[in-house]
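Residue numbers (numbering that gives the first Met the number 0), protein chains in the order written: chain A, 0 to 206; chain B, 0 to 330.
Any given hint could turn out to be false.
Derived BS3-like pairs: lysine-lysine, alpha-carbon spacing no greater than 30 Å straight-line [said to hold, decoys possible]:
| no. | chain 1 | residue 1 | chain 2 | residue 2 |
| --- | --- | --- | --- | --- |
| 1 | A | K48 | B | K2 |
| 2 | A | K183 | B | K227 |
| 3 | A | K122 | B | K121 |
| 4 | B | K121 | A | K48 |
| 5 | B | K121 | A | K112 |
| 6 | B | K278 | B | K1 |
| 7 | B | K121 | A | K66 |
| 8 | A | K163 | A | K183 |
| 9 | A | K66 | B | K91 |
| 10 | B | K121 | A | K52 |
| 11 | A | K183 | A | K48 |
Bear in mind the hints are in silico, worked out from the structure with no lab data behind them.
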Amino acid sequence: MVTVTRDGALEWMRRFASELSEHREQLVRLDTAIGDGDHGTNLDRGMRKALEKLDGGEQADPGTVLKTVAMALVSSVGGAAGPLYGTFFLQMGSALGSDSEVDLPRFAAAWRKGLEGVQMRGKAEAGDKTMVDALIPGVGALEAASDLEGGLRAAEQAAEEGMKATTPLVARKGRASYLGERSKDHQDPGATSTYYLFKSAAESLAG
Amino acid sequence: MKKLINAPDAVVQDALHGVEAAHGDRVRVSYDPAYVVRRDAPVQGKVGLISGGGSGHEPMHGGYVGVGMLDAACPGEVFTSPTPDQMIEATKAVNGGAGVVHVVKNYTGDVMNFEMAADLGKGEGIEVETVLTNDDVAVEDSLYTAGRRGVGVTVLVEKICGGAAEDGRSLNEVAELGRRVNAAGRSMGMALTPCITPGSGEPSFELAEDEVEIGIGIHGEPGRFREKIGPASQIAERLMTPILDDLPFSSGDRVLAFVNGMGGTPLIELYVLYNEVAKIAQQRGLSIERNLIGNFITSLEMQGCSITLLRLDDEMVRYWDAPVNTPGLRW
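Next comes chain A alone, as it looks inside the complex (with noise of 0.2 Å):
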């Protein structure tokens, strides 16, 4: 049976470190269009941050890796991203506690904490263009899923979609809602860095 490790989260947060380095470009000229256009810098920034403190330490198990990068991002980040993405790994490292391996019902159960935290914390529901459009249809197809393979694929596709689908929305949350109508006919760039999220823990950790 497959099960994500400690090896495996740290993986899977190089992976999520480097694919926003890569599209650094491509998010900072999504929040251009409708936000600050800080996203892209912001979240490679903390993102590296975070690897230093996961080097510069030793993590004994999954939760705590999660756990580590959610401080990083708190204390590095700022704007919006820096609370929603550290409330989210913050919440998701609690979940798994200290297991030192995770299946796939405890692995969706958290995504699940992970989730609800990050509404908690920004208040935001779905088709209001934000992060959470990619998050829902991703975690919802991990508890579907039966094999942690098959849904961490089927995941990365349902965020995928979901990240398309902000494209013809108004934002209803965040500095994109001052636009109001004019903020239709541009993918929010918050789902589309937890898309990357996702297709990385898929490269990552479906073996």
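With chain A fixed as given, assemble chain B onto it according to the hints.
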């Protein structure tokens, strides 16, 4: 892009070193986490007053640290909220036992980070009250948006609350006064040119040579509409009408009129605008009892302005007039 910088990533840090070098007699600077704090903090028995936000709006907020205004300010990266670790350290540094007020501009990131900091403060046994500013009438206030942005009134809240805190008023009194100032203030801005963040190197939006954007935000967020540039009298009217109608201000009101430059506007133009503002105020029967004219809440090198009107009461006037000694505001 041409900027007077060493490197885009070093702008905030380098500027903080400059602040310390220039104003070390009045403020101390912490670099990790980053905040500017009054030299004599914490002042025992005085309510602490802190604010913070993205950099690029100088002199707000770091320039308002000193006697009679803020006890500390937390600078974020350019146009990016600071982080909770900065805010909690600043809160601890200014806590003289009477509690701490956080002045927070209503932007999603600022609000979330300050919320996390307030939670952490409570965990440390420090009483924290938050005053949220949301005075920008260019934004529709609705459940379906992040709400109105905090702009010009923030400077007035910081000055008036700073005066009250210096006068020994309690945590709740200072916070209530701040909320009253926010509730009685309205603002709107406009841009002649966009601004360029050091990180992106690109203009925040495109504006034709003969166009202006009415209702602009301080991070270059688009406004209500664009039009061909007209005379200052027309621009004053475009900004004043929504402000006056929103509160609404009525004949006989005593007001503070604040004409603010966005960073790239010459002072001579701000006085041209102030003259138009004064005319409109007079037509509406308002009595301008105090004014403030200059670059106080800016948007990097953007050319443009904002107007803030505050309906005054006696207590606000008293604390507005109280002595202040900060790098950015002094009398």
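- When you check the alpha-carbon spacing of A/K48 and B/K2, does it fall within 30 Å? 27 Å, holds
- CA of A/K122 to CA of B/K121, is that 30 Å or under? OK: A/K122 and B/K121 at ~22 Å, within 30 Å.
- Message: Hint check: B/K121 vs A/K66, CA-CA at most 30 Å. Holds or violated?
- Response: 22 Å, holds
- Message: So if I understand the rule, the pair passes when the alpha-carbon distance is 30 Å or less; does A/K163 with A/K183 pass?
- Response: Distance of about 12 Å is within 30 Å: holds.
- Task: Measure nothing beyond the straight line between the CA atoms of A/K183 and A/K48; if it is 30 Å or shorter, mark the hint as holding.
- Result: 33 Å, violated
- Query: Given the hint that B/K121 pairs with A/K52, does the C-alpha gap stay at or below 30 Å?
  - Reply: 27 Å, holds
- Straight-line alpha-carbon gap B/K121 to A/K48, limit 30 Å: 27 Å, holds
- Message: Between the alpha carbons of A/K66 and B/K91, is the straight-line distance 30 Å or under?
- Response: Holds, at about 24 Å.
- Query: Is the straight-line distance between the alpha-carbon of B/K278 and that of B/K1 30 Å or less?
  - Reply: Roughly 38 Å separates the two Cα atoms, so the pair is violated.
- Would the pair A/K183 and B/K227 pass a check requiring their Cα atoms to be no farther apart than 30 Å? Holds. A/K183 to B/K227 sits at ~25 Å (cutoff 30 Å).
- Message: Please verify whether B/K121 and A/K112 have alpha carbons no more than 30 Å apart.
- Response: 24 Å, holds
In this structure, the hints that do not hold are numbers 6, 11, in rising order.
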